[in-house]
Amino acid sequence: MAQATAGKETGANLPFIYREYSPEQLRQALHKMYLIRRFEEGAEDSYTRGLIHGTMHLSIGQEASAMGICMPLTLDDQITSTHRGHGHCIAKGAEVAKMFAEFFGKTTGYCRGRGGSMHIADVTTGNLGANGIVGGGLPIAVGAALTAKRTKSERVVVSFFGDGANNEGAFHEALNMASIWKLPVIFVCENNGYGMSTSTARSTAVANIADRASAYAMPGVIVDGNNLSEVAEASHEAVKRARAGEGPTLIESKTYRHRGHSKSDRNRYRTKEEIEDWMTNRDPIMLYETQLQEFGVIDQAGIEGIREAVRQEIADAIEFAKTSPSPEIANLERYVYTEPL
Amino acid sequence: MDQPVRELSYAQAIQEAMAIAMEQDERVFLMGEDIGVYGGAFQVTGDLVERFGADRVIDTPISELGGAGVAVGAAVTGLRPIFEFQFSDFATLAMEQIVNQAAKMRYMLGGAVSVPVVMRFPAGSGTGAAAQHSQSLEAWLGHVPGLKVIQPATPHDAKGMLLAAVADPDPVMIFEHKLLYKMKGPVPEGYYTVPIGKAEIRRQGRDLTIVATSIMVHKALDAAETLEAEGIDVEVVDLRTIRPMDTQTVIDSVKKTSRLLCVYEGVKTLGVGAEVSAAIAESDAFDFLDAPIVRLGGAETPIPYNPELEKATVPQVPDIIKAARDLVSGRR
Ligand SMILES: Cc1ncc(C[n+]2csc(CCOP(=O)(O)OP(=O)(O)O)c2C)c(N)n1
Ligand SMILES: [Mg+2]
Numbered sequence: 001m002a003q004a005t006a007g008k009e010t011g012a013n014l015p016f017i018y019r020e021y022s023p024e025q026l027r028q029a030l031h032k033m034y035l036i037r038r039f040e041e042g043a044e045d046s047y048t049r050g051l052i053h054g055t056m057h058l059s060i061g062q063e064a065s066a067m068g069i070c071m072p073l074t075l076d077d078q079i080t081s082t083h084r085g086h087g088h089c090i091a092k093g094a095e096v097a098k099m100f101a102e103f104f105g106k107t108t109g110y111c112r113g114r115g116g117s118m119h120i121a122d123v124t125t126g127n128l129g130a131n132g133i134v135g136g137g138l139p140i141a142v143g144a145a146l147t148a149k150r151t152k153s154e155r156v157v158v159s160f161f162g163d164g165a166n167n168e169g170a171f172h173e174a175l176n177m178a179s180i181w182k183l184p185v186i187f188v189c190e191n192n193g194y195g196m197s198t199s200t201a202r203s204t205a206v207a208n209i210a211d212r213a214s215a216y217a218m219p220g221v222i223v224d225g226n227n228l229s230e231v232a233e234a235s236h237e238a239v240k241r242a243r244a245g246e247g248p249t250l251i252e253s254k255t256y257r258h259r260g261h262s263k264s265d266r267n268r269y270r271t272k273e274e275i276e277d278w279m280t281n282r283d284p285i286m287l288y289e290t291q292l293q294e295f296g297v298i299d300q301a302g303i304e305g306i307r308e309a310v311r312q313e314i315a316d317a318i319e320f321a322k323t324s325p326s327p328e329i330a331n332l333e334r335y336v337y338t339e340p341l
Numbered sequence: 001m002d003q004p005v006r007e008l009s010y011a012q013a014i015q016e017a018m019a020i021a022m023e024q025d026e027r028v029f030l031m032g033e034d035i036g037v038y039g040g041a042f043q044v045t046g047d048l049v050e051r052f053g054a055d056r057v058i059d060t061p062i063s064e065l066g067g068a069g070v071a072v073g074a075a076v077t078g079l080r081p082i083f084e085f086q087f088s089d090f091a092t093l094a095m096e097q098i099v100n101q102a103a104k105m106r107y108m109l110g111g112a113v114s115v116p117v118v119m120r121f122p123a124g125s126g127t128g129a130a131a132q133h134s135q136s137l138e139a140w141l142g143h144v145p146g147l148k149v150i151q152p153a154t155p156h157d158a159k160g161m162l163l164a165a166v167a168d169p170d171p172v173m174i175f176e177h178k179l180l181y182k183m184k185g186p187v188p189e190g191y192y193t194v195p196i197g198k199a200e201i202r203r204q205g206r207d208l209t210i211v212a213t214s215i216m217v218h219k220a221l222d223a224a225e226t227l228e229a230e231g232i233d234v235e236v237v238d239l240r241t242i243r244p245m246d247t248q249t250v251i252d253s254v255k256k257t258s259r260l261l262c263v264y265e266g267v268k269t270l271g272v273g274a275e276v277s278a279a280i281a282e283s284d285a286f287d288f289l290d291a292p293i294v295r296l297g298g299a300e301t302p303i304p305y306n307p308e309l310e311k312a313t314v315p316q317v318p319d320i321i322k323a324a325r326d327l328v329s330g331r332r
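Chains as they are written, first to last, in this note's numbering: chain A, 1 to 341; chain D, 1 to 332.
Just so you know, these hints were derived from the structure itself, not from any lab. Here a beta-carbon is modelled for each residue, glycine too, at the ideal position from N, C-alpha and C. Just so you know, not all the hints are guaranteed correct.
Lysine to aspartate or glutamate pairs mimicking EDC-like chemistry, simulated, CA-CA at most 16 Å apart [to be verified]:
(1) D/256 / D/207
(2) A/149 / A/76
(3) D/268 / A/333
(4) D/255 / D/230
(5) A/322 / A/45
(6) D/311 / A/45
(7) D/311 / A/20
(8) D/198 / D/230
(9) D/182 / D/16
Residues of chain D placed beyond 12 Å of chain A at every Cβ, according to the derived structure [claimed, not checked]:
(10) 43
(11) 76
(12) 134
(13) 197
(14) 303
Working from the sequences, and respecting the hints, build out all of it.
So this is what it looks like as structure tokens:
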């Protein structure tokens, strides 16, 4: 891939993505991170207005993690996602209009109104689905990787999961199988410090989730999940390893969610100062934007342009969702079986 | 009952029962995900951690299989755990410990031990949480000898049956419909129990028996009001326990009314309604029937996200009214 031309540092001193991607690709990445952020804000706003029901888990603050991991993936590669999965879905290539339509329960949504936020998926861009079950996606990713290996495809599979999921049996069983069979799968733990109200210190016996990797004889890599370049670099390495038939990697992406766990969170388990610190000093979009400017990849006008384009995209997507038709009750039992009974 | 009675929500009633159980018996403690400072996903444990401390209101990691197993192990060795599943759907992750261990340990060991564990399962649809957070899996556990499975429908019963469950020497599984948590009703202060295995007649009637469970009891009572105005006199039986099932109360009621409608939220086929129907078909009440038995249960589909579809998935009051009318008018 082309290299960033402008910038104050050069060569090996440049952060990874500036060596790996063209300026246009780097601006695209910023565009997508904004798209995730504004999508989440739009979903939150629609929920407050009563246009979306149920609950949802927002990934605001974790955009670099979703984006960085997906940067080296092709459309043929696959992911399994989590309840906090809107960002993964967008980063992998889904259209925000069809996502909003799903959240609004419409037939034009990715799951035809049956799934909602917690089951958002876009199989056409390789997203096998968010999951309402903590840890539910890990073994499925291993199965998808088994398919990839058996069919001798180049495909790799990424399984996103949270820190909380590392205490489910499924995590341990999945990592072990992926390792013994050397499958092309990348386990990405988005460690945002808490599983609902329970901090990793209270829930997990090891200091880092990546420490678990040694028990399953695979590399365990820790990255600053709010630093796009670091995340992307780790993903590149793991993808290379997986495509070369060398087996799985566990990446731990340390990050933070700005919002509460879901729509019903009194936030009693973390301090205002902690939240404030992450929001003002470690916002992944702010960090990336500043860096892009420093390296001369974008100027203020360029940033404004992206923001405006994203604003319009989100507004159009919400309009599409609003005006789409609802499913008919007569079709309630559709999609339960492949051939209707 | 002589104890003073006040209005409490269903969730408050459960919380009060757990507090009383912990005050009375050092061995009782609570375990579950986010039941401490968070107060539980549905605020059922609320501030109990402040009263009883983190040693007795224990936050577990997200480990349902392990957590359920720890509760079983503690119970079999002398403690009295009350284990909260964050959603009943996650029972599926713990089935091994519930079905193979808790339910069978006493039997396999020839009666040498008992397993006095209580497990609580927030269940049911109506919250927009879609297919993996809305199920009614009580019939799954109802199929397992060794377990007792209850579905209290009122705050009064929620408290009394929980206290009965804690006192019970065997594993008791409590299915609590999420939409009931905020429902208020009279609850006596202090300690009392409501027996496990006894149905309750919520409304006397002559023309038709509706056997309902959990939230469907309230929908059946609503329907009965409307039907009364039309001259249809409905008897509503709240089953309360599905294992062991109080079939005698149902049999007696059907002998009186000669018609049976079963209403429950779990998937219609192979569920609670089938068992109730069979109990009648196998008893002398069968000869009293003036019409075929009718079941109203959940649709044969996962719970959808779209709110209109979701509503259509489980019996609603108009569905009950229509089924009752058809039954009584001989259209069924
Ligand atoms: C098997 C299972 N147990 C519990 C839950 C309830 N629950 C949903 S998300 C969550 C916390 C998950 O924490 P983590 O894996 O760290 O992901 P995060 O929410 O932080 O992104 C819990 C307890 C669930 N959905 N599935
Ligand atoms: Mg987390």
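Which of the numbered hints above does this structure break? Numbers 4, 6, 7, 8, 10, 12 and 14, in rising order.
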